Every structure is written in structure tokens, then in C-alpha cells.
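Sequence order for the protein chains is D and G. With the first letter of the first sequence counted as 1, position 34 gets the number 34 in our numbering; the numbers rise by one all the way through. With the first letter of the second sequence counted as 1, position 58 gets the number 58 in our numbering; the numbers rise by one all the way through.
None of these hints come from the bench; they were simulated from the model. Take these hints with a grain of salt, some might be off.
Among the chain G residues that face chain D by a calculated CB cut under 7 Å, a handful are [claimed, not checked]:
| no. | residue |
| --- | --- |
| 1 | 65 |
| 2 | 82 |
| 3 | 85 |
| 4 | 158 |
| 5 | 159 |
| 6 | 162 |
| 7 | 165 |
Pairwise CB distance ranges (calculated) [unchecked claim]:
| no. | chain 1 | residue 1 | chain 2 | residue 2 | range |
| --- | --- | --- | --- | --- | --- |
| 8 | G | 99 | D | 43 | 42 to 48 Å |
| 9 | G | 136 | D | 94 | 47 to 53 Å |
| 10 | D | 118 | G | 162 | 35 to 41 Å |
| 11 | G | 50 | D | 39 | 25 to 31 Å |
| 12 | D | 87 | G | 81 | 24 to 30 Å |
| 13 | G | 15 | D | 118 | 51 to 57 Å |
Partner residues are not named here, just some residues of chain D that face chain G (Cβ under 8 Å, in silico) [to be verified]:
| no. | residue |
| --- | --- |
| 14 | 62 |
| 15 | 64 |
| 16 | 73 |
| 17 | 75 |
| 18 | 109 |
| 19 | 128 |
| 20 | 133 |
| 21 | 134 |
| 22 | 138 |
| 23 | 163 |
| 24 | 164 |
| 25 | 167 |
| 26 | 168 |
The structure presented is a predicted model; accordingly, all values stated were derived computationally and were not measured. Don't be surprised by glycine CBs; every beta carbon is placed ideally from N, CA and C.
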Amino acid sequence: MKRTVLVAVALVLAIGIYRLGIRPAPSRRGSLVGTPPGAVHSVAPGFVLQDLDGQSLDLSNYRGKVVLLNFWATWCAPCRGEVPHFIDLQNRYRAQGFQVIGISMDDGPKPVRDFYREFKMNYPVALGTEKVAESYGGVLGLPINFLLDRDGRIVAKHVGEVDMAVVEQQIQTLLQAK
Amino acid sequence: MGLAIGLGKRNPMKILAKFALSLALCFVVITSALAQSELAPGSAQLINPEDLVKLVQAPQGERPLILNVGPSLLYMQAHIPGSEYIGAGSDSQGIASLRRRVKALPHNTFIVLYCGCCPWSHCPNVRPAYNELHKAGFTNVKVLYIADNFGTDWVDKGYPTIKGQ
């Protein structure tokens, strides 16, 4: 009995020591990066992509709105974490002219459609292409978010999971700008 | 009280030695098991980008078979020259493709797996791929440690890339 207790204590201690040794790699959150192409202050590259219903999604149709362009994928955990916040932002700022557009980097539409339904997403999602990704400077890691002003100019580029407080502040500033 | 009586009957040094032995044994077993599944930063199964670049660019020496187990849209934009696209490690088709690719290889083949889709702790692809090769008996497998993503930790550092399939 005592031997069992000793082994159990040893097991717990060993797990504790091991876990203490693990430090998850730091991830960059919400860093502002300005590198061409797709650079901050440049005009956002235009595109026409297919949305989940097979309809065309043309970025130029959103000129006049503040746009959050979200490159994401269903297999990307930080991306999934952002989605509920984007749904919330879309709800709260839609009337002022704010629009989230999702560009999925998934390999096919099926998981995106399933995810869209499950999370009750309230903004359009298009299927990304290599060409569009490259026109934005390359999407070589997710998530990446671009914030565009009403003139279609890139105002901010967030590589990695965004700091929602920062991006909301930026959205508010852009919505108020004339 | 019960413990005091028990200790009185036994040699405390023996008990302490047994406890230490149990602790060491558990530590070794748990550490090795978890290191395989979690690929903790700094563990021996990982290879850093700068070390892989040196290996790839070395005029002589063993060249690893570099397999990309990430999403195809990212691979097509930029990948390590000489690497082969396998399919996402998080996907059953990707794992099946990995099995097929390594089926005829000797188990001591030097293989480097990589993805770089997202921050290391969140990558859904490298762990299943590594575990599959480990399960299949491959003994010389490394995983490229990409802390943030392939863009930041490889492309932005000026390491060689090519695009396309």
C-alpha cells in the first residue's frame, strides 16, 4: 500500500518536473509589419475569388468600407480563435461601414463550409489562391490580417493572432476618419 | 502514526532509495513518451532552420530527405529547394501519402519533416507526421523547428526557397 503511494507521489512529481520544463514557443501577436508587396500604405491588391456558394467575391465592391481581410484556415488554431471576435466586430460595426472578409487557405471548400455553418459566421469567406496570397506579399503562415481604409489602402498588417483591443481601436479610428 | 510505525520496522534509507529510483524511472519514461508526442522546443528530435540550411548547402555529407507535411497553398508559394510535398499531416490522406512515400525506404533514412503553417505549439501537422514515422520504425527523423511560421523563420531570414509544385 505504502509502496503504491510512493510510486504515485513519484509519478506526480515527475509529471510536475517535466511540465515545468516545457515552455511554449512565444508567438508574435499583432505585430505591425510593413514590407512590400501588400505593404502598409499601399493600395490593397484587387482580386475576384469564389465564395463558399461559388459566387464571385470582388474586393472592389467593398470600396467605401473599412475592410478587415483575414487570411485564415480551419486547421489553424489561432485563426479559429479569432473568428468569434470577428463575428462580434462585424455585428457591432456593420452599420458604420465595416466589413470582414475571410480568405481561407484550406485545401478544399468542404471543411470551410462546415466551419462556416458551425460557427454561424456572418461575413463572406472566399477560397484563397496562391496568386492572391502572393499579391499580398505571401501568406506563409497563418493567421495574417490586413486592415483597409475606405479608399482600399492597407493601413495595418497583423502577422499572427491579432490583439483584438488593438485591431478594434484601429477599426474605430478608420471608421471615424473622413 | 501508521507511517512512523512502518518506518520503525524498515530501513528508511532503503525506502528513500526506492522512492528516488521510482522517481527517476517515472521521469525517464514520461519524458521520452511526451517528447515524442509533443516535440518540445529544444528536444533532440528537432532541427533548427540554420542547421538545416548548413546541411542542405554543405558540399559533402548526408543530405536529408525533406518532406513538407503542411498545406499545399503555403507550399506552392515557397518551399525548401529539394523538399517534397506530401500533404497535410493533420489529414488522413496526408498521412497515407506519407506512408506510401517512405514505404520502401530503409528505417535509418535521414528524414526532415516540416510545415510552418502557424506557431509551433499550434501546428496541427508535424506531430501526427512525426508520430507516424516513429510508429513505422524510422529512427533518424527530425522535425524542422519553426517558431512562428515559414515566412518569418525561413523566408524572411533569406534562406533558400523555390515556388511551385
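Broken hints, numbered, in rising order? 1, 2, 3, 4, 5, 6, 7, 12, 14, 15, 18, 23, 24, 25 and 26
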